[in-house]
Amino acid sequence: MIPMKKMKNESGWAELGLNFSLARTTSSSAKAEKTVENKIETDDDNFELFDAKSRKTKDLSGILEACRPTKAAELSVSKQKQNEIVEWLTSEATTGRSRILLLSGTSGSGKTIALKVLAEEYDFNVIEWISPIDSAYSNDIKYLNQNDKFVEFLVRVTRYNSVFGRSRKRLLLVKDIPNIYFMDTNGFHEVLRQYMKLGRQPLVFVCADSESSRMMYSLFPPEIVEELEIDRINIPSTTPTAMKNMLKRISKILNAKFGDLIDVTQSVIDEVLSNSIGDVRSTILNTIFASLKVSNDGSKNDCGSREESLGLLHGIGRVINPKRIVDGNKWKFTHDPDDIAAYFRSQSRIFFQFSAGKLFEYNGED
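Residue 179 in the numbering used here is what sits at position 34 of the sequence shown, and the numbering runs on without skipping anything.
Source of the hints: derived by calculation from the structure; they are not laboratory data.
Among the hints, a few may not be true.
[Stated by the list, open to error] Quick list of in silico lysine-lysine cross-link-like pairs, DSSO-like style, CA-CA up to 30 Å:
no. : residue 1 : residue 2
1   : 393       : 320
2   : 224       : 320
3   : 216       : 402
4   : 397       : 438
5   : 224       : 389
6   : 389       : 216
7   : 314       : 342
Construct the entire structure; sequences and hints are all you get.
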């Protein structure tokens, strides 16, 4: 770590009031610091191709990971928007100074994965900011709030190279801006100004269109965008043609690697496409849900395998967003939870896994 005194002489980051010379005296704190450093050093692993055979269990995260595109030709983002991202990445290298990009677009349009894939092809190591959960440290260790942690992240990444990996260009990705900055926009703007002066890597903020108005007019007002020359690229919803090509690609992967759980047929693809609204992530999830094989436990069921697969989607909806009937001062669920549980008894494990995954998405995952 660079001592505080030296930072005051060499770096304007110290003006933000963050002391990076904290004494880590406890074993738990040292372990936490090592974990943070390892996270930064091993982000190259995010781009490794998922091998389903190496997993003992085939959970939802593994299935989704197998569907991730690994090259530009597999992206659902239009070629024009890919070229805009590539032009921004390459121009950053030629200008020799740090730049900031605001990458916006509809939820599930594939903007984040497009940035990661294209950055990898141009030899960038994408390092993503993950919002930590504030927790109490020991009394002899200074407590770092969200602002301090975010600034520390910027300093670590822009100043220190990994000693384990080969030297690569780095790109900072921020999808989850610390909530503290929505209450202290001036503090956020000062961090951006300091980064433009002292940062060495391109910095990308990703936001969905539903969040754009709040982010654009509070965190990125016109005067700040002009002052810092912040660039913006907007990714539109995926076109039906691109969505169809994407489903053809992932159907082969799902049938080949997860054939014991999933059977993606052309009829499933056609039905999912007919209900698609340009959201790639949602379309993939719907395809997986609709293609699940139903366990044959000998029990009688009024629905065939196709209808029961669609029933899984409906059941998840009734769990995440249940309807209620109000009767005076009382209320009850429209659909009895016991009936839902009984209907999916033969698929209880799958139903639980997908309900949990859908719940995280429902709560705002980008």
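Outcome of the hint check:
Under the criterion of a C-alpha separation no larger than 30 Å, the hint pairing residue 393 with residue 320 is consistent with the structure, at around 29 Å. A C-alpha spacing of about 23 Å is found between residue 224 and residue 320, which places the hinted pair at or below 30 Å, so the restraint holds. Distance restraint check for residue 216 and residue 402: the Cα-Cα separation of roughly 19 Å lies within the 30 Å cut-off, and the hinted pair is therefore satisfied. Distance restraint check for residue 397 and residue 438: the Cα-Cα separation of roughly 16 Å lies within the 30 Å cut-off, and the hinted pair is therefore satisfied.
Taking the CA atoms of residue 224 and residue 389, the gap is about 16 Å. The hint holds against a cut of 30 Å. Between residue 389 and residue 216 the CA atoms are separated by roughly 17 Å; this keeps the pair inside 30 Å, and the hint holds. Using a Cα cut-off of 30 Å, the hinted pair residue 314 and residue 342 holds, with the two alpha carbons roughly 18 Å apart.
No hint from the list above goes unmet by this structure.
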